[in-house]
Amino acid sequence: MRTENQKAWFFVLPVLALVAFNALVPMMTVVNYSVQETFGNNQFFWEGLGWFEQILRSDRFQAALGRQFLFTFLILLIEVPLGIIVALSMPRKGFWVPVCLVLMALPMLIPWNVVGSMWNIFTLPKIGLLGYFLNDVLGINYDMTQQPLSAWITVVVMDVWHWTSLVVLLCYAGLVSIPDAYYQAAKIDGASPWSVFRYIQLPKMKTVLTIAVLLRFMDSFNIYTEPFVLTGGGPGNSTTLLSIDLVKIALGQFDLGPAAAMSLIYFAITLLVSWVFYTLMTKDDAQ
Amino acid sequence: MAQIKLSNLRHSYMPAPKGPEDYALKEIDVTWRDGGAYALLGPSGCGKSTLLNIISGLLTPSEGQILFDDRDVTALPPDQRNIAQVFQFPVIYDTMTVGENLAFPLKNRGVDPATIKRRVDEIAEMLDVTDMLSTRASGLSPDNKQKISMGRGLVRDDVNAVMFDEPLTVIDPHLKWKLRSKLKELHQRVKATMIYVTHDQTEALTFADEVVVMQEGEVVQIGTPVELFDRPQHTFVGHFIGSPGMNVLPCEAKGDRAVFEGHEVMLEGPTHGDGGRTDLGIRPEYVGFGDTGIPAHVTKVSDIGRHYVVSAMVGNTALKAVTEHSVPEPGSQVYLQFKPEQSRVYRDGWIATEERS
Ligand SMILES: Nc1ncnc2c1ncn2[C@@H]1O[C@H](COP(=O)(O)OP(=O)(O)OP(=O)(O)O)[C@@H](O)[C@H]1O
Ligand SMILES: [Mg+2]
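So the protein sequences, as listed, match chains A and B. Mapping the first sequence onto this note's numbering, position 182 (from 1) lands on 213, and the numbers just tick up by one. Mapping the second sequence onto this note's numbering, position 196 (from 1) lands on 931, and the numbers just tick up by one.
Calculated directly from the structure, the hints in this document are not laboratory data. Please note that a few of the clues may not be correct.
[Said to hold, decoys possible] Among chain B residues calculated to face chain A with C-beta under 8 angstroms, some are:
(1) Ser791
(2) Leu793
(3) Gln820
(4) Val826
(5) Thr830
(6) Met831
(7) Phe839
(8) Pro840
(9) Asn843
(10) Arg844
(11) Arg887
[Said to hold, decoys possible] Taking CB as the label site, the calculated pair distances span:
(12) A/Ala204 <-> B/Asp807: 38 to 46 angstroms
(13) B/Pro908 <-> A/Thr238: 29 to 37 angstroms
(14) B/Ser779 <-> A/Ser148: 40 to 48 angstroms
(15) B/Asn843 <-> A/Asp211: 18 to 26 angstroms
(16) B/Lys842 <-> A/Thr313: 21 to 29 angstroms
(17) A/Ala204 <-> B/Asn843: 26 to 34 angstroms
[As the list claims (entries may be wrong)] Here are some chain B residues the structure puts well away from chain A; computed CB gaps all over 10 angstroms:
(18) Asp829
(19) Arg915
(20) Arg966
(21) Ile1039
Virtual Cβ for every residue (Gly too), placed ideally from N, Cα, C.
The task is simple: from the sequences and hints, build the whole structure.
So this is what it looks like as structure tokens:
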């Protein structure tokens, strides 16, 4: 028993080496940059926590962070309930099951930048199908390249289109694992559809739902490609989410120190919020 | 409380059934006495669960009616039939406490809190779960979970019938007998009709006043355990009940005698009908050994505790006899004597002799 446990480490070793090489080491260079100032020529000056302070105090960062939280909040608020509703209305047996599953999986198979381009072309006023339809057929003034609200709606709808399926599929997996006897017993106990959801379906979906919320949180909080391709962060800075802002600072302005500090703050926030979610959602099971 | 009557009931899971083989239930006519303890016995796939689900209203039969005291309830949903059903695997509402689980059916029916509390306490006391009332139900052992499932059925004081669909399948053997005797006790206290589905004959015979034996979607016999043992109406019942089951030996019927492997056997009474396949049915318990009778060759003797099972060949037909003493040696030649009042002829499986009065 004991020796087997020790042996297992050897199998983890290659992964560990790989992770060290492509994550830990680069991460350490980021840490390195975040506490120093450089003017090129490989000259570094100790900066301490100065960059961190500067970033945290800057209006620009606070605004981007605010937009990021708003975006993630909207995404979770829409995708989780919508995912549950769609999963509940999917058939549990028969011919339509595989059809539904494939349809659900399709959006997730499309690469991020393709989704961004698709939605860009789709929503451009005048030439985009949706843009044309909204403006010229329905007469709604919609232009995601000019109006912040239109841009926001488009970015959110695009993400909902792309990722709600993930929540659906996870919830569906939880739902199909419920034996028929539960539904039959509930009928005999005279339970209302709401009670069936509240006391049978929701508890059985809880584990997968925790995973779904965590994945959707992390993904939407770190989202970059799709909004970048769709709006480039605009109009103005209205859809400049944290990651877009970070890339602007790091690669646009080449301010490596502040960018490194910002990455670390970004990472810490993601980690902290994930941990809070996880702890809250699994709290009951511990008892 | 009510008498439950099933009349001309047929059910098929197919949308357009053609022949009888498409029916999970073929022509069922059964009346369940109010307050009776019934066992529904039959092999896997014979339609026991289907029948229960039809009584409780989870399924609507393709044809026929369900009457509770002459009131037609065929179209009523389960929650309006006052029926409780306990399933093979315990159904527990994980997020609720034991007490909330027991209260759930009453709450859904809008019973007032004081009555709910009184009923829950009563049932908890009956099931010996009073000390668990405020614990989360998800952590219970399978047998306690199953008790709670039963409790949810019994908590309503207006239940017409409580039905158990193989409720002890997931219970440890040493707890099975405990729960089974608990059930008997509950039946005496609650006095509701109870229908207990099983494919284990010991379980059926210990629980029930009356046993309903099913085979391939049909009820083959209803009777007390003694009746089923002593006078099976069908070779299937004879074979299914008793261990070892009844000997079913191909024979020719001639009035009140059967000719089996060239030997004449006295029957309980005259045979009726003609044509079809005829078999002689006799339980191993009623096959004796003597100095005269049907010559047989002993092939095997097994000691199964309280008695011996002797396997023998008469001509080309194998049969079994049960004896407590005078055990023959394997390989020896013996003479078998069939007890006439326990020897019957079955025509196409169904009994074809009349009891001599
Ligand atoms: N939902 C269903 N759809 C189609 N056929 C079904 C369904 N449920 C049961 N059947 C069929 O109906 C017949 C009777 O099944 P049923 O479940 O009533 O048997 P059972 O006596 O309860 O068996 P077991 O002892 O295995 O529980 C079987 O042939 C089964 O395959
Ligand atoms: Mg069954």
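Consistency of the hints with the structure:
no. : hint                                      : in the structure
1   : Ser791                                    : 6 angstroms, holds
2   : Leu793                                    : 5 angstroms, holds
3   : Gln820                                    : 5 angstroms, holds
4   : Val826                                    : 4 angstroms, holds
5   : Thr830                                    : 5 angstroms, holds
6   : Met831                                    : 7 angstroms, holds
7   : Phe839                                    : 6 angstroms, holds
8   : Pro840                                    : 4 angstroms, holds
9   : Asn843                                    : 4 angstroms, holds
10  : Arg844                                    : 6 angstroms, holds
11  : Arg887                                    : 6 angstroms, holds
12  : A/Ala204 <-> B/Asp807: 38 to 46 angstroms : 42 angstroms, holds
13  : B/Pro908 <-> A/Thr238: 29 to 37 angstroms : 32 angstroms, holds
14  : B/Ser779 <-> A/Ser148: 40 to 48 angstroms : 58 angstroms, violated
15  : B/Asn843 <-> A/Asp211: 18 to 26 angstroms : 19 angstroms, holds
16  : B/Lys842 <-> A/Thr313: 21 to 29 angstroms : 28 angstroms, holds
17  : A/Ala204 <-> B/Asn843: 26 to 34 angstroms : 28 angstroms, holds
18  : Asp829                                    : 5 angstroms, violated
19  : Arg915                                    : 21 angstroms, holds
20  : Arg966                                    : 37 angstroms, holds
21  : Ile1039                                   : 37 angstroms, holds
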